[in-house]
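Number of protein chains: 2
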Amino acid sequence: MTLQALMADLAFLGDRATTSAAVLAHHGQSETHIRSRLPDLVVFPQSTDEVAQIAAACTRHGVPMTGWGAGTSLEGHALTPFGGVTVDFTRMDAVLAVFPEDMLVVVQPGITRERLNEELRATGLFFPVDPGANASLGGMAMTRASGTTAVRYGTMRENVLGLEVVLADGSVIRTGSSAPKSSAGYDLTALMVGSEGTLGLITELTLRLHGQPEAVSAASCAFGDIGAAVDCVIATIQMGLPMARIEFLDVASVAACNAWSGQDLPLMPLLLVEFHGSPASVAEQAGRFGDIARDYGSTGFRWAKAQEDRTQLWKMRHQAYPAILASRPGATAIVTDVCVPISALAEAVEETRADIDASPIPGPILGHVGDGNFHAILLVQPNDATELAVAKRLAARMAERALRLGGTITGEHGIGMGKLGYMAAEHGAAWGVMGAIKQALDPAGLMNPGKLVARK
Amino acid sequence: MTLQALMADLAFLGDRATTSAAVLAHHGQSETHIRSRLPDLVVFPQSTDEVAQIAAACTRHGVPMTGWGAGTSLEGHALTPFGGVTVDFTRMDAVLAVFPEDMLVVVQPGITRERLNEELRATGLFFPVDPGANASLGGMAMTRASGTTAVRYGTMRENVLGLEVVLADGSVIRTGSSAPKSSAGYDLTALMVGSEGTLGLITELTLRLHGQPEAVSAASCAFGDIGAAVDCVIATIQMGLPMARIEFLDVASVAACNAWSGQDLPLMPLLLVEFHGSPASVAEQAGRFGDIARDYGSTGFRWAKAQEDRTQLWKMRHQAYPAILASRPGATAIVTDVCVPISALAEAVEETRADIDASPIPGPILGHVGDGNFHAILLVQPNDATELAVAKRLAARMAERALRLGGTITGEHGIGMGKLGYMAAEHGAAWGVMGAIKQALDPAGLMNPGKLVARK
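Going down the list, the sequences are from chains A and B.
Going by our numbering, the residue at position 250 of the first sequence is 401; the numbering climbs one at a time, nothing skipped.
Going by our numbering, the residue at position 171 of the second sequence is 322; the numbering climbs one at a time, nothing skipped.
What the hints contain is simulated information worked out from the structure, not anything from laboratory work.
Remember, it's a predicted structure, so these values are computed and weren't measured experimentally.
Glycine included, every Cβ here is placed at the ideal spot set by N, Cα and C.
Be aware that one or more of the hints could be misleading.
Pairwise CB distance ranges (calculated) [stated by the list, open to error]: (1) A:Gly-213 / B:Gln-590: 46 to 54 Å; (2) B:Gln-458 / A:Met-390: 20 to 28 Å; (3) A:Gly-378 / B:Ala-575: 49 to 57 Å; (4) B:Ala-605 / A:Ala-159: 33 to 41 Å.
Make the full structure from the sequences, and use the hints.
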């Protein structure tokens with residue numbers, strides 16, 4: 152009855168409000184093993200005003216509302232464990248304005264990062280945050296996404312300058328301004344970025360752009376062990392070398408990528424690096440990095456100076472996930488990420504490697520090591536409860552290890568449904584403060600319930 | 152009676168809780184024209200536990216509590232319009248730990264930025280945020296301070312990685328971790344940075360450090376008009392040149408600095424720039440900047456390659472405030488700052504310049520133009536109500552102009568008491584959201600009342 156009353160209020164959406172079984176099923180899927188109840192209704196708004204009306208109607212009827220971008224979350228952020236309405240933003244995917252002098256772009260939340268960069272190509276500017284998946288910008292903001300380029304350009308935290316947000320009651324607020332910085336009150340932009348749809352629905356984003364680099368140079372290099380690779384990363388950062396990317400692949404990841412992409416990278420722990428700048432500065436940076444890498448015993452250095460070679464290198468990196476999935480035929484994955492202080496990175500990676508090696512399942516490790524961030528892709532046979540339990544215990548120990556080493560249970564994937572159980576351990580009393588903020592902004596608990604904060 | 156009961160609860164502080172008239176008077180002063188009622192009591196805690204006990208006691212007795220760092224706020228942040236307890240952090244000023252590999256330092260809030268950098272000198276690292284004044288790190292975090300180097304190294308928003316905070320009820324939370332990034336829940340660090348003591352009292356900060364640059368080069372260069380100087384800044388940013396500082400001084404500021412420092416800079420709109428990097432990259436950046444500046448008609452280029460020359464240049468810039476004050480003997484100042492999108496900077500500065508020129512009072516303009524941030528130092532005769540009213544109207548129009556141009560009422564000075572009246576205009580309904588967060592975390596409204604949020 153509630154649903155019918157809600158649908159009557161949303162009649163203005165016409166066929167952009169649907170209970171079609173196929174649509175509900177699509178919005179009940181996730182990229183990983185996480186599953187939940189399906190939504191009761193999926194809506195496809197086309198404007199902020201429509202989103203505001205949807206939120207107000209959901210609040211009137213006490214129905215949960217959950218945003219949906221591109222469905223690429225790895226922790227079940229867009230699933231609906233309590234049913235309700237999924238607000239699919241794929242029809243709000245416009246570039247609203249580009250301000251080249253201010254190096255800003257204003258977009259709707261449904262646009263994907265690849266299409267955004269296609270639309271920006273002619274401007275000489277680009278949006279750098281690159282989580283691998285072709286995620287939506289709204290989703291990327293809501294999970295505080297980052298990826299391969301965060302070491303140079305920052306995460307969504309640094310690259311979202313302002314937002315338009317629809318709150319639970321349907322009111323619309325704007326956070327931030329178009330000025331590069333501000334000291335005018337609480338940083339609501341930063342509060343919303345990473346809030347996983349639990350405080351509001353983003354309907355517009357103002358994003359920082361960066362100049363397309365004049366020159367780019369990339370390389371892969373191999374190390375005798377994980378510790379040497381990580382020590383090389385630390386030394387590079389301390390030298391102040393402005394790397395654009397510095398990625399780590401363990402031997403299992405390299406093997407999977409070789410098999411998938413037809414490459415012949417040495418079966419050793421690898422770093423993939425990239426430098427951006429003027430031709431002279433890129434050459435200097437590359438030379439200095441080469442010196443450092445050799446100090447740490449690096450071999451098998453391969454420079455990718457031509458655009459074609461770089462494209463191949465990063466395509467391989469971006470396809471690491473399907474490559475690793477394919478390395479165990481028929482498998483599904485628990486993809487888990489943690490982030491630790493750089494000084495603890497070697498210990499964290501080596502302990503995790505040993506823990507997985509001692510288990511019955513495979514789990515390649517790779518990551519954005521310039522940020523202290525790494526992932527394990529734990530491969531389990533679907534419907535094998537024993538393997539799933541093993542993988543969950545491995546992931547739990549990985550999270551506990553990160554906390555013990557002064558880190559965090561997730562560097563970039565977020566909490567969603569998958570990591571709710573570790574929030575108390577990471578934040579202690581501060582998790583209660585998050586709950587108080589949630590309560591203040593969404594007293595009925597209708598915005599993406601079951602995620603990030605403790606359920607009342 | 153309330154005060155006596157509170158003091159009884161705080162007896163454990165001994166003579167570190169005082170009602171001495173001189174101490175109260177000192178904590179009722181501000182750097183600017185803003186004045187308020189004195190505090191009733193000043194306390195000097197030495198530990199987080201003492202701060203927690205103070206907060207709990209204040210809450211029990213319904214007494215306001217206001218933090219005090221170095222007293223350098225320009226908007227009356229540390230004043231006590233409702234009396235109560237001033238919590239002076241000058242005895243909590245230790246460097247608690249340095250983690251060179253992670254490029255992090257953990258400090259207490261009372262340490263000043265100059266002393267922090269002295270203590271870091273031997274490590275090869277430094278803390279870059281430089282608001283000019285020798286402020287405390289706790290105060291800098293609470294106002295989201297920035298300054299001359301923000302264009303390269305970011306503001307306090309980017310350089311505070313984690314906090315320990317005492318809440319109104321005396322509970323202690325930790326925000327953030329020692330990992331370089333995280334997606335684990337609401338960004339409470341960012342919420343606290345810039346909250347001006349209205350949500351909690353910072354008792355510990357984890358700060359990002361940066362490598363001391365291998366090579367540094369600085370220069371001053373003159374332009375025919377403000378527009379040419381600003382267009383040069385825009386072009387430099389769009390080229391992706393990684394400037395460490397890019398500062399603007401108008402003619403009145405240059406004249407004041409010349410008189411104060413015995414320099415002979417040309418009486419024209421000036422840019423002061425600095426580049427950090429390897430010797431080769433600094434040389435390349437400087438050369439490229441020189442080319443751009445000449446394209447915009449710059450003359451009077453002076454390079455300061457020697458450490459001594461650079462020290463003199465930045466000393467002059469840091470002493471611009473006393474120099475400008477001295478340019479009108481006996482005057483006091485309204486120091487106001489706004490921040491606009493870079494594309495609107497020339498218009499904002501030129502309109503402001505014309506507005507001040509049409510008024511009866513002097514008001515040099517200078518600023519961190521790489522951030523779109525500039526200041527007017529409006530010089531008024533003390534106790535001249537007419538001049539003060541003129542200055543306040545000029546400051547109000549400057550704030551309104553910034554908002555009209557898509558900017559913010561303050562880039563780095565914060566709201567405090569001075570800018571509360573503009574918050575509704577900048578934030579609209581979002582100011583109400585700030586009030587809801589305040590209400591959730593400090594329901595009795597005891598933490599720095601009269602600042603940032605609407606008074607209930």
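To see whether the hints hold, each was checked on the structure:
1. Distance hint for A:Gly-213 and B:Gln-590: a CB-CB separation of about 23 Å, inconsistent with the stated range 46 to 54 Å.
2. Checked against the hint of 20 to 28 Å, the pair B:Gln-458 and A:Met-390 passes, with Cβ atoms roughly 21 Å apart.
3. Between A:Gly-378 and B:Ala-575, the C-beta spacing of about 56 Å keeps the proposed range 49 to 57 Å intact.
4. With their beta carbons about 37 Å apart, B:Ala-605 and A:Ala-159 fall inside the hinted range of 33 to 41 Å.
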